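Peer 1: Going down the list, the protein sequences come from chains A and B. If you're matching positions, the first sequence starts at 12 in our numbering and goes up one per residue. If you're matching positions, the second sequence starts at -2 in our numbering and goes up one per residue.
Heads up, a few of these hints could be off.
Said to hold, decoys possible - Calculated cross-link-like contacts (lysine-lysine; reagent style DSS-like; alpha-carbon spacing at most 25 Å):
(1) K654(A) x K140(B)
(2) K24(A) x K140(B)
(3) K79(B) x K22(A)
(4) K152(A) x K111(A)
(5) K24(A) x K148(B)
(6) K61(A) x K86(A)
(7) K589(A) x K495(A)
(8) K136(A) x K61(A)
(9) K19(A) x K123(B)
(10) K22(A) x K140(B)
Stated by the list, open to error - Coverage of chain A stretches by chain B, computed from C-beta distances (three or more under 8 Å per stretch; other residues unrestricted):
(11) 20 to 27
(12) 257 to 268
(13) 438 to 444
To be verified - Just a few of them, taken from the derived set where beta-carbon distance is under 8 Å, the chain A residues facing chain B:
(14) G32
(15) Y36
(16) D39
(17) L681
(18) A682
(19) H715
Worth flagging that the hints you see were computed from the coordinates, not collected in a lab. Quick caveat, the model's predicted, so the values are computed rather than measured. For glycine and all other residues, C-beta sits at the position ideal for the given N, C-alpha and C.
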Amino acid sequence: MPSTILGKRIKRKEDPRLIQGRGHYVDDIKLDGMLHMAFARSIHAHARIKSVNVAAARSSPGVVDVITGEEIKGKLGLVPCAAGIEGLKVPDHPCLATGKVCYVGEPIAAVVATDRYLARDAADKIEVDYEPLPVVTDPEKALQAGSTVIHPELGDNVAFVARLEGGDWKAVESDSSLKVIKQRLINQRLAPASMETRGVVAHYSPGEETLTVWSSTQIPHILKTQLALMLGIDEPHCRVIAPEVGGGFGSKLNLYGEEGVACYASRKLGKPVKWIESRRENLLATVHGRDQINDVEVYVQPDGKVVGLKCWIIADLGAYHQLLTPAIPTLTALMILGCYHIKNVFVETKGVFTNKMATDAYRGAGRPEATYVIERVMDMVARELNMDAADLRMKNFPSPDEFPLDLPTGVTYDTANYQKTLKRLLKISGYSRLRKEQEKLRKQGKYLGLGLSTYVEICAMGPSSRMPAGGWEFGAVKVEPTGKVMVLSGTSPHGQGEETTFAQIAADVLGIPFDDVTVYHGDTFQVPMGIGTFGSRTTAVGGTAIHNAAMQIRKKMARIASHKLGVKPGELIFSEGKIHTRDGAKSMGFAEVAAEAIFAKQLPEGIEPGLAAHSFFEPSNYTFPFGAHLAVTEVDAETGEIKLRNYYAVDDCGRVINPMLVDGQIHGGLAQGIGQALWESHVYDENGQLMTGTLMDYAVPKAHQFPWFETETMETKTPINPLGAKGVGEAGTIGSTPAIVNAVVDALRPLGVRHLDMPLQPEKVWRILKQHATA
Amino acid sequence: MKIQTKINGHLREDEVEPRLLLVHYLRDVAGLTGTHIGCETSLCGACTVLLNGEAVKSCTLFAVQADGGEITTIEALGNHEKLHPLQEGFWEEHGLQCGFCTPGMILAAYQLLCRNPHPSREEIRKGLEGNLCRCTGYQHIVKAIEYAAQKIGSPDA
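Sequences are here, hints too, so could you generate the full structure?
Peer 2: As structure tokens, then:
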């Protein structure tokens, strides 16, 4: 029977409170006696701290306490790193610096005061005596002999070197018929810049000895464990609540020193403590994304078949590891082959310390970098061989019947039909017509470019064997005596609309109205266990746990109803709030059966009372959504300004639960991916000062910078979970960046431009046009 | 300093520090937390409210500058029983994800529709120049505002 609710465009359950301004984000939480915290941060990128004078701050009005790195030494644990990489060097990362600072914005001391303004006033009165040290911000310079070493106890600035190799390189290298194409590509540093900055309210109750923490986080359960460890509090006494979270994009998949200090202060003072990050702090000291140098080399047959790829990755990790800092670039290596069956691969990833804020997960987290490399390379190959970019891609796609497909990178792609999405894209965009238009415009000296990107991403993270803290997810379903249903999820959505998606999943299994389901997440006292929301896992892994829990409820209710109705459980159907035989002759209301289960007057033999079930879903593999994107750009010959004229996307994220939400995820992803290609760049100068520390300097894209996105979805289900859903949170970001750059390079092809590094701001393009004009 | 304001139709008098920002006055003094703070520099628009009918960024105005003024925040635009067409549009067209920019976005759109009841898509995009959204890619916001424009313009609105 086709589902009446899965795949339907259903309005979000979350929205009524949010459109009325009645949701509660961290800064909206007020507690009696609450104190406010502000940080003094390093103004140097690398310096010894000779002294920290807090006397003036202490006597500043309203100040209750000033906390320094010296004070918390041994009393508050270090900021944790969970990445498991062989031989990884992990520098000590205290919540407040002691002895030295390694990046601008590093927290040095915290002021706790009765008012947020007074806390800020006092923090500005903290005097730090620095002895500046040589600064290194360029990771290649950090690798050179004689470079300043940021963590001398670790020997050098190399945090790790990871190699991944597969295939028969001897054969490839001795084949003289192969063409070798080389290119250096830069994936610049970005700021996640969620509209809500970070924030935390910590409340330690001395009586109950419980710590309650409201944090703007994507991972409340992991945060709870880590805070318990850092503070030495028994974990059952520790509760973390993620209230409304105003976006994260990976940046809140972390544990930050400020969270630890707020909890420490609350425990010390016995009062609730609030810290709300300013935007300046957010751009300085919330993790950054990307920042890789990729030297790539591909080996191609004369007919366009790519047989080998080598890539040397230098990943700028910043000064310290945050939760997953070093793990991110290793995902680039895993996905470097994109959607092409290239049989020989070699990737060397070098993680390097520099005097900057740590990089970590930012939407796509390692995969946009990989897709950018492979998709730029495919365009270069097409051009070198004078082939059409679409034809070259078709030539290198594996056929749909080759899946599951083992790649030499060690991953197994679940299902795909890359030909299908690309063909559809070419059709809806009128690709051949656009090529003709381009030809015509070129004759008039106008620059129109077409940029393709066919991507695959690794999602639904993931099998626990491959994940640092487990990759399963928890879901629970409870039926109340009134027949209304409560769903709990261990994921922690923050804008994805999963209250809606999860309710659809539960309503579908139980045959009840969507409105009868209420979904809760984000509170570790309410949801017993969980991992969180990241890596496009929430629907595919978290949704499956809910589906499986609902199936247990359904089975139990069928047994109870069959007992009452005198039929076999298998004869019963759940639909429209009833449990009934196919012909409808025998029927009970859903709520009626729930009451039977809970009041337990006449339960069948062997059936326990009650109606609650939970499931831990452990995925056997990742999922691999894919798609094809086309960007159409015009370059202004006078100003170098790039106009994104059209954008077409055909995405296949497996089973679609709610098409409206999928569109929303794609659109938002596109905006961030296009942002990287055209405008965004988080820039440090050589002294390690952040040049893009406000939203005036860091270019978060605006509404008028985008064209109307023409998007379509296709459905190739995954066998990895019973829903068939693959995940869609990062697809738009992963697919779009290379499409844009490919389009601009294609536009400038008549000028002999082979490659341009991002972001493609007008000045860069204008210089090329000018150069050409004077040449 | 003593100030008098009319917030969402209610008169009030408060003693405030001269440096208190309007947004903190609304959130911390008046208890209206629907207005959000995204950048403290008037660049993101999350704090947009109506002051004497004009959309303003409440993070770069002092509360004392609103003395004698009439302020409308998201809390008063509609209610559960009868949402404002803009609120309805944002819900219908999936014009929000995390919801943090939404109150400011809706109030900026309110002013946009007051000035231009039938904006083109291009005009809507330009009209939102002062408001950032990191989640939606803006397309559904544009649709939400189109929805509201149509609804406000229709006779049964």
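Peer 1: CA of K22(A) to CA of K140(B), is that 25 Å or under?
Peer 2: holds (14 Å)
Peer 1: Taking a Cβ-to-Cβ distance below 8 Å as contact, does the stretch 438 to 444 of chain A have at least three residues touching chain B?
Peer 2: violated (count 0)
Peer 1: Does Y36(A) pass the interface hint, meaning its C-beta sits closer than 8 Å to a C-beta of chain B?
Peer 2: With a closest approach of 7 Å, the Y36(A) hint holds.
Peer 1: So if I understand the rule, the pair passes when the alpha-carbon distance is 25 Å or less; does K79(B) with K22(A) pass?
Peer 2: It holds: about 17 Å lies between the C-alpha atoms, which stays within 25 Å.
Peer 1: Can the hint on A682(A) be confirmed by a CB-to-CB distance to chain B that is less than 8 Å?
Peer 2: holds (4 Å)
Peer 1: Given the hinted pair K654(A) and K140(B), is their Cα-Cα distance within 25 Å?
Peer 2: The given pair, whose Cα atoms are some 22 Å apart, holds under the 25 Å limit.
Peer 1: Are K61(A) and K86(A) close enough, with their CA atoms no more than 25 Å apart?
Peer 2: Measuring from Cα to Cα gives roughly 22 Å; hence the hint holds.
Peer 1: Cut-off 8 Å, C-beta pairs, minimum 3 residues; does the coverage of the stretch 257 to 268 of chain A by chain B stand?
Peer 2: Our answer is that it holds, as 3 residues pass the Cβ test (under 8 Å) against chain B, meeting three.
Peer 1: Assess, step by step, whether the Cα of K589(A) is no farther than 25 Å from the Cα of K495(A), and give holds or violated.
Peer 2: holds (13 Å)
Peer 1: Measuring from the C-beta of G32(A) to each C-beta in chain B, is the shortest one below 8 Å?
Peer 2: holds (2 Å)
Peer 1: Check whether the Cα positions of K136(A) and K61(A) lie no farther apart than 25 Å.
Peer 2: This hinted pair holds, its Cα atoms lying about 17 Å apart.
Peer 1: Count the residues of the stretch 20 to 27 of chain A whose Cβ falls closer than 8 Å to any Cβ of chain B, and tell me whether that reaches three.
Peer 2: This one holds; 5 residues, not fewer than the three required, reach chain B with a Cβ under 8 Å.
Of the numbered hints given earlier, the model fails hints 9 and 13; all others are met.
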